[in-house]
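**Student:** Use these hints to put chain E onto chain W, whose structure you have.
2 protein chains.
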Amino acid sequence: MIIDIHGHYTTAPSQLQAFRDAQLAALADGARPAPALAAISDDAVRESVRDHQLKVLRERGGDLMLFSPKASGMEHHVPDAAIARVWAAASNDLVHRVTRLFPEHFAGVCQLPQVPGGPLDDSVAELRRCVSDLGFVGCNLNPDPSGGHWTSPPLTDPYWYPLYEAMTELDVPAMIHVSTSCNPSFHTLGAHYLNADTSVFMQLMQGDLFGRFPSLRLVIPHGGGAVPYHWGRYRGLAMRAGRPGPAEHLLGNVFFDTCVYHQPGIDLLHQVIGTENVLFASEMLGAVRGADPDTGVGWDDTKAYVDRAGLTPEQRHQVFEGNARRVYPLLDARLTSEGR
Amino acid sequence: MIIDIHGHYTTAPSQLQAFRDAQLAALADGARPAPALAAISDDAVRESVRDHQLKVLRERGGDLMLFSPKASGMEHHVPDAAIARVWAAASNDLVHRVTRLFPEHFAGVCQLPQVPGGPLDDSVAELRRCVSDLGFVGCNLNPDPSGGHWTSPPLTDPYWYPLYEAMTELDVPAMIHVSTSCNPSFHTLGAHYLNADTSVFMQLMQGDLFGRFPSLRLVIPHGGGAVPYHWGRYRGLAMRAGRPGPAEHLLGNVFFDTCVYHQPGIDLLHQVIGTENVLFASEMLGAVRGADPDTGVGWDDTKAYVDRAGLTPEQRHQVFEGNARRVYPLLDARLTSEGR
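Going line by line, the protein sequences match chains W and E. Heads up: take any position in the first sequence, counting from 1, add 10, and you land on the working numbering. Heads up: take any position in the second sequence, counting from 1, add 10, and you land on the working numbering.
Just chain W, with the same shape it has in the complex:
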């Protein structure tokens, strides 16, 4: 089985964005009534993925995708907690409908209703709802809800512990994923996403989060930002600081995905990090669409790169399936119960 652990609902029916627009308009103009999400038929939900993520997943030989709301659409920088709660719930509910309509091919990962500097109670509650009531298997955690101003404490700070406690209890991992950038210095897709991956890895190196939460698991997407390319730098920085090396310190709990859109990057990722900590993912129909004119390979067709990375059959199994089932045990339990 081939599991793509990183897909976003970038093709949701237009009612969802209309609802968001109305929500923000109501926020700007306190007099308006709170909007409601217009009805979306099952057919519309089906069509929104059947001709997009599901089609491409199947064409490329994939079986199942972990599916979450559009990352740039989370917009945690909007500071109103009630707005964030309703927006996350609506977005997650729509993902849930996709997972119900195509249970063989999608499993849910939730958006959290974070706001800059706000308490995490709402996020914990939404995580519990999504996992316990909707059958989701993970969440996306935004280390910078401000959207590029980085006003929150590092992920090793006790501020985040309530969420880690719930994740540990529910046995679900988080993918570290920022949302849209409100800082003109950081292009959302070309800088902010990668910077967040890099920054969080270093935050984890500086702290001892997994000493306190030994079973907590975090997935750093986009191939780990700059980290694998600079792996020697991280090893040297750890040594200079008298700290354990990043492999010993972090790789029991931290995993990287394969959202790196060319062969040399994928090769380096596997060479440096090792296949035990790499999970297949494409973020397909996301940041980078279209195909490399030189090769004809879709930019986000990461399976094509992993196929050529020279992995043994055992390593392929790890990257395409085994690691995902280990990092997402609720997914594994479901698949096992289905005989998959």
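Please keep in mind that the hints were generated in silico from the structure rather than gathered at the bench. Since the structure is predicted, the reported quantities are computational estimates derived from the model, not experimental observations.
To give an idea of the interface, some chain E residues facing chain W are shown, with a C-beta separation under 10 Å as derived from the structure:
id: 1; residue: F196
id: 2; residue: G233
id: 3; residue: V270
id: 4; residue: Q281
Quick reminder that beta carbons are idealized off the backbone N, C-alpha and C, glycines included.
**Tutor:** For chain E alone, kept in the frame of chain W given last:
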């Protein structure tokens, strides 16, 4: 000849830091008189590099290092313009003394007296002084003088044009280099430096800076941050935006150094970017000191990695010397006049 284009004066005599401390104390306590830099003998300057950068440079087979004040010590986040002017001048003057004492082995690159949001007049003046009076061949440009809050406009903004005009007139390049991080989310060496490299490359992709300044040259250090590892992502983002690809758009004006501290990273850099745009550098005695216990190779002994990158003699010449002489024409002119 082997030219290392990225060295900082991390081993300056202690009087320099004492001066800085006094300067900041005077700033905090307006009643104090402005401090003066204590006398530093030529012997002390000689010793400060002879047993450090110069020794290691020569041991590794290097000939000449482009030398600038300590990057994390620039501290552009201190908002007082007069303090910044005096601090940059003192730091640059000390670098100048190194270049005078060891003219065969060091050439100067200057710190600019930037302050967050301030006009660039002082930076232009200091650049002119360093190049015209002190014989410096380049400068370090900080895209985020705030130190991790990223409050300045992108490097494509007209805010920066006065500096580019002076650089163009003087025919000197800038290395993009942030200073210490004041944001606890960003470790200075493990996140902020790399994030800046990544962010600036994407800023340049979004704009058309070299349409306006066709001879402007920028060096992105630390192997380009995350960029070469994600080269497919950048190609795809450009294509999706209907923009020219990053190679056509930027590689006439943008160069990467080799401060990547392990073999797979150096290999990827050369494979993806091509040797025409890669300049040898170590940032030695900088972020990452000591040696890899697995191989015995110093982390920042980037020559060892480049030596093993499978380059042809022509490519080696480009990376070790030719590109540096092309990007830093004032250095080339000086070397040529010396018959080197």
